[in-house]
Amino acid sequence: MQENQLLMLLDRSELIPKPSREISDIFKILNNPVELDIDLLVEKIQDVENLHDLMIKNLNTGYFKANREIKTIKEAIVYFGMQTIQNLITLFITIQLFSEARDLNKGEKPERVFYMDQYFKHVLGTSVASAMLSAMLNIGDRYKLFSYGLIHDIGIVVVDTCTPELLDQVTKKLKSGVHQVVAERLAFSGITHAEIGAWLCRKWNIRQDIVDIVEFHHTPFLAKETTDELKIIHIADVISTMYYEKLLGVNLHHGLSNKLMDSLGIKESHIKIIVEKLPEEVERLNYFSIYG
1237 MQENQLLMLL DRSELIPKPS REISDIFKIL NNPVELDIDL LVEKIQDVEN
1287 LHDLMIKNLN TGYFKANREI KTIKEAIVYF GMQTIQNLIT LFITIQLFSE
1337 ARDLNKGEKP ERVFYMDQYF KHVLGTSVAS AMLSAMLNIG DRYKLFSYGL
1387 IHDIGIVVVD TCTPELLDQV TKKLKSGVHQ VVAERLAFSG ITHAEIGAWL
1437 CRKWNIRQDI VDIVEFHHTP FLAKETTDEL KIIHIADVIS TMYYEKLLGV
1487 NLHHGLSNKL MDSLGIKESH IKIIVEKLPE EVERLNYFSI YG
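Just add 1236 to the spot in the sequence shown (first one is 1) and you have this note's numbering.
Treat the hints with care, as some may be off.
Stated by the list, open to error - Simulated crosslink set (DSS-like; lysine-lysine; CA at most 25 Å straight-line):
id, residue 1, residue 2
1, LYS1439, LYS1254
2, LYS1264, LYS1310
3, LYS1508, LYS1482
4, LYS1503, LYS1482
5, LYS1293, LYS1310
6, LYS1254, LYS1264
7, LYS1482, LYS1411
8, LYS1409, LYS1482
9, LYS1495, LYS1508
10, LYS1460, LYS1495
11, LYS1513, LYS1301
12, LYS1513, LYS1503
13, LYS1293, LYS1307
14, LYS1439, LYS1411
15, LYS1439, LYS1264
16, LYS1460, LYS1264
17, LYS1482, LYS1439
18, LYS1408, LYS1482
As the list claims (entries may be wrong) - Pairwise CB distance ranges, derived in the manner of DEER restraints:
id, residue 1, residue 2, range
19, ASN1487, VAL1278, 40 to 48 Å
20, ASN1303, SER1335, 38 to 46 Å
21, VAL1414, GLY1501, 32 to 40 Å
22, VAL1417, ASP1289, 23 to 31 Å
23, LEU1245, SER1335, 17 to 25 Å
24, GLU1271, ASP1498, 23 to 31 Å
25, SER1260, ASN1303, 32 to 40 Å
26, ASP1498, GLN1444, 42 to 50 Å
Calculated directly from the structure, the hints in this document are not laboratory data.
On a predicted model such as this, the values are computed, not experimentally measured, just so you know.
Every residue gets a Cβ at the ideal spot worked out from N, C-alpha and C, and that includes glycine.
Between the sequences and the hints, there should be enough to build the whole structure, so can you do that?
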């Protein structure tokens, strides 16, 4: 990607968190899943303040609530799978770092148009829709796909923390009927939140499959490998975008790719079921709020 004006601004921003040595060590461990030492990973998680407790709390509530209480990261890995837990570790670290940055940036702020609490319903919607598709189609692991859904829009968190006025511009354009991708390219010097999120993932040396989900969830055919997981996240994101736009009072009539749907065996009946159930499921899970 050529140097972008906004990315250069973000790179110089004091609000872009710099991972500590402990967090950098965790990312390094997660980047080598074949040689991953679970005991060392757990030890490193314990070294990061509140991270272990944050994970355990969220794994015992909302979508991840198991039939029994999860008390340790090791238990969580056995129950939900290694890659799901790796994805959630990455997500929780990122949100925790940006929450600290936002706390440092508190003060007199102009009235906002974009609200993260509202947008998080879209994030949850993508997670829910992807998990439902996984179960309907018997493709992939629904917990893993749910975790991908939670992290796919990490670029929005970057912009909301560092240049919130640009996100307000996008939201105003969206409410006036401009497609989100077009609105973002106008406000973000030609790029979108997907590219911003991928930039952050690379900057922090985050695992490549997460980078691909973040970067290509709008454009799956541009990825080096268009996996079934990426296809599902894309379809789920489109469905949830329509849900989010209804919350904003707009309807931009997004189309679903017939090519993607055919390749996964998705039928209109699948989409109809998800669209009908999504609002209720999101509201049911809305207390599962890691952005608080």
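Evaluation of the provided hints:
1. LYS1439 / LYS1254: Holds, because 10 Å separates the two Cα atoms, which is no more than 25 Å.
2. LYS1264 / LYS1310: holds, 19 Å
3. LYS1508 / LYS1482: Roughly 16 Å between the alpha carbons, so the hint for LYS1508 and LYS1482 holds.
4. LYS1503 / LYS1482: holds, 23 Å
5. LYS1293 / LYS1310: holds, 14 Å
6. LYS1254 / LYS1264: Distance ~15 Å between LYS1254 and LYS1264 Cα, so the pair holds.
7. LYS1482 / LYS1411: holds, 10 Å
8. LYS1409 / LYS1482: holds, 15 Å
9. LYS1495 / LYS1508: Holds - the C-alpha atoms of LYS1508 and LYS1495 are around 18 Å apart, at most 25 Å.
10. LYS1460 / LYS1495: Cα-Cα ~17 Å, so holds.
11. LYS1513 / LYS1301: holds, 19 Å
12. LYS1513 / LYS1503: holds, 16 Å
13. LYS1293 / LYS1307: holds, 9 Å
14. LYS1439 / LYS1411: Not OK: LYS1439 and LYS1411 at ~32 Å, beyond 25 Å, violated.
15. LYS1439 / LYS1264: Between LYS1439 and LYS1264 the Cα gap is close to 12 Å, so the pair holds against 25 Å.
16. LYS1460 / LYS1264: Given that 25 Å is the threshold and the Cα spacing comes to 23 Å, the pair holds.
17. LYS1482 / LYS1439: violated, 34 Å
18. LYS1408 / LYS1482: holds, 14 Å
19. ASN1487 / VAL1278: 40 to 48 Å: holds, 47 Å
20. ASN1303 / SER1335: 38 to 46 Å: Because 30 Å falls outside the window, the suggested range is violated.
21. VAL1414 / GLY1501: 32 to 40 Å: holds, 33 Å
22. VAL1417 / ASP1289: 23 to 31 Å: violated, 37 Å
23. LEU1245 / SER1335: 17 to 25 Å: holds, 21 Å
24. GLU1271 / ASP1498: 23 to 31 Å: violated, 39 Å
25. SER1260 / ASN1303: 32 to 40 Å: holds, 35 Å
26. ASP1498 / GLN1444: 42 to 50 Å: violated, 27 Å
Checked against the numbered hints above, the structure breaks hints 14, 17, 20, 22, 24, 26 and satisfies the rest.
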